[in-house]
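With the sequences and hints as input, model every part of the structure.
2 protein chains.
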Amino acid sequence: MLTYQLEYARTEPLYLQIYEHIRKDMESGRIRAGEKLPSKRALALQLGVSVMTAENAYHQLEAEGYIRSVPKKGWFAEKISILQPERKSSAQKVQKAETAPHQPEHMLFPFSVWAKIMREILASDQARLMTKLPCEGAYELRTAIAEHLWNFRNMQVQPEQIIIGAGTEYLYMLLHLLLDETVFGVEEPGYSRIADIYTGLGLECIRIPMQEDGIDLNALQNSRTEIMHISPSHHFPTGAVTSIGKRYALLGWAAEHPSRYLIEDDYDSELRLSGKPIPALFSLDVMEKVIYINTFSKTLTPTIRISYMILPVSLLEKFHQKLGRCACTVSNFEQYALAEFIKKGCFEKHLHRMRKYYKERRQILFARMKEYTIFQNAVILGEDAGLHCLVRFQTGLSDAALLEEVQKAGFQASALREHYHEKPEEDLHCLLFYY
Amino acid sequence: MLTYQLEYARTEPLYLQIYEHIRKDMESGRIRAGEKLPSKRALALQLGVSVMTAENAYHQLEAEGYIRSVPKKGWFAEKISILQPERKSSAQKVQKAETAPHQPEHMLFPFSVWAKIMREILASDQARLMTKLPCEGAYELRTAIAEHLWNFRNMQVQPEQIIIGAGTEYLYMLLHLLLDETVFGVEEPGYSRIADIYTGLGLECIRIPMQEDGIDLNALQNSRTEIMHISPSHHFPTGAVTSIGKRYALLGWAAEHPSRYLIEDDYDSELRLSGKPIPALFSLDVMEKVIYINTFSKTLTPTIRISYMILPVSLLEKFHQKLGRCACTVSNFEQYALAEFIKKGCFEKHLHRMRKYYKERRQILFARMKEYTIFQNAVILGEDAGLHCLVRFQTGLSDAALLEEVQKAGFQASALREHYHEKPEEDLHCLLFYY
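Protein chains in written order, with my numbering: chain A, 228 to 662; chain B, 228 to 662.
Don't take every hint at face value.
If several chains are the same, the list does not tell them apart, and a pair holds so long as it fits within one copy or across any two.
Quick list of in silico lysine-lysine cross-link-like pairs, DSSO-like style, CA-CA up to 30 Å [as the list claims (entries may be wrong)]: (1) K359 - K251; (2) K549 - K650; (3) K359 - K650; (4) K343 - K570; (5) K576 - K545; (6) K545 - K650.
Read the hints as simulated data drawn from the structure, not as lab findings.
Next comes the structure, spelled out in structure tokens:
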């Protein structure tokens, strides 16, 4: 029988306290590997908490690999030694660390697989590791990405169209050097780093308001925007998916003038957790007006700096003419390692594991929301994709008070209003939650 | 006795033909490890070539580790198995490949040491490999660089002043984002990539003519230049070293206006082959007007993308304010590996080996020059530093004809005139030679 003293006065939610007690008992050996744990109902009864709270504690332990559920038999403790050291403190991190938006946790990084591949790379074919790569990167990696996009995203891309760079911010800089236009459109609200970078480069940034089905086309038409930066598959922060009608309208807008382009920021499409996959805007484009950008920072780790963009074929000549002599910003070692990682299927496997993990986190988050009255009648939006969702509250509280309320309850959240460049005067009653 | 059939009609110089014959004999086992080779005089006699040609062949073989010289005993064949595979074809490369200026050969890269350090990094302290670094890079690496600069370059720098980036071109982009000024000065003649990048970023580039002791100060004073990009320790392509008087005058120019800065491009100071080390302009600067830039591309390999800049303390706050949220462009893995590489003394050792190798190459180059009448009365300039020197010819030939002549003789060279933005009308009679 598990008996723990829970501290109701602590700001830490009960399920996390239970989680920590069980984890410590496993680490100290009080709970042995293979031991059967009480059912969630029995545990709830023993500790005087709701069944939901007990279940959330078990889900957290399971998501981190401490325990496993055997259908019709119950919950069992796993062998602790198989756990990676950095995984131990994740639940504490959720509670304590101020994770920035867009920053998934990387305790899932397949460290031993990556280390093995890196060792193989270091031991073989040294000549190619010493040969300077062209600006666009290693052909092996670009081929691997093209195949991955074909299999996973149903995108038909030639490796020649793919440009590798050390992070998306660097790719934005390259795009600025490539395109002659200086008036960029960005989404309002949106991910503020994008406008920061463009503005820093001396470009004019026009904010185009978001609607429920994508950006406001009238506002776009009436602006002087030449290059529109959008995230049609999953907008940050609203979670909006651009409707198919609006996608075609956007392509039509771009086709009206030779200097117009759309930058499709597909930053978290691979972490889509449920629902039908959204086809890339790039795949609908027959007029060569879409520049596609994606990154391995979200799916692998931001500490390996590899992003890529896909240029329309018609831009390739200009790219080579203007930027062909630029040095590639990613080291050969890591480009070849990532190519192997993708080719061997490790990346697919890793994505599968990430999605499973974040689905469980989402489930825990939604279950926890039900424990608090503030979430009554709240509507969850954009929860199918990526690592965050938007919640619209039915409340008279100000956005600041609302945020304080949910943070006090231990949720990791930010106010939607923070992601506006022009802060709205009225309260939005909307918060972002990170899984 | 070594008897080889030399082909006098081939464009390949005789010493390289001899080098290849001996190398093949070593690889086939005809010459065994430890075997004594004929003296240079005996070899010259056997093959009917000059003693200088025989000596050049031996120097090339020695520089690549095929043979070694034992004082007062003669030349001996080394064990072939100890050679790294990529070293075998280097002499052919010199002959055939079109190596770009600034591109040292990287067969000297200490591959096994780097692989060992990388394996250690991958095996230890996984948490720090997964923790996103600030824009300026890993503190360990910045500390290691600061210590290296203190020991090797006599520069007093705080790690906080050092910013890591994926290549110098990326650092120029960061500088553009950091500084508000838009009128940049570059050296004429100069390394054309620098002006290309600045111009691509939409900045105005003013060419300031070079004189024998550095850039033309009057031209600088009379221009609207705000940020002057210079290479005072070893100018590319002329090899000019900026005199101490001109260094102080440059600092004075920068101090006259708050918006003025000097960018000190110290790209090859670590490969200074002889003569007194030139102190960095950065070390003379008490007005915080010099931004120092250097790279590991020349000294290690361009396939590991790590460069750095050092900002005056007074610019740090602005840097953090404007660029603090930018992602660092170099992966954690390689930053920590390089930090270890420097801390363990491997970098110093490697630099020593590089300098020794290039000194030998230079010696071979100068000896070969004596074989050709075209070099009679020619003056060699800027030969103390880096991987190239300038030769001023006494000739009535046009620059194009001159270049053709020396290339026919197997030299790797380019015409000085190619490195001017505004090509001079008259012939310069100057060629650049790469070691």
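Structure-based check of all given hints:
| no. | hint | in the structure |
| --- | --- | --- |
| 1 | K359 - K251 | between (50 Å within a copy, 28 Å between copies) |
| 2 | K549 - K650 | between (39 Å within a copy, 21 Å between copies) |
| 3 | K359 - K650 | between (47 Å within a copy, 29 Å between copies) |
| 4 | K343 - K570 | both (14 Å within a copy, 25 Å between copies) |
| 5 | K576 - K545 | neither (37 Å within a copy, 43 Å between copies) |
| 6 | K545 - K650 | between (39 Å within a copy, 25 Å between copies) |
Figure legend: structure checked against the earlier numbered hints; the only hint not met is number 5.
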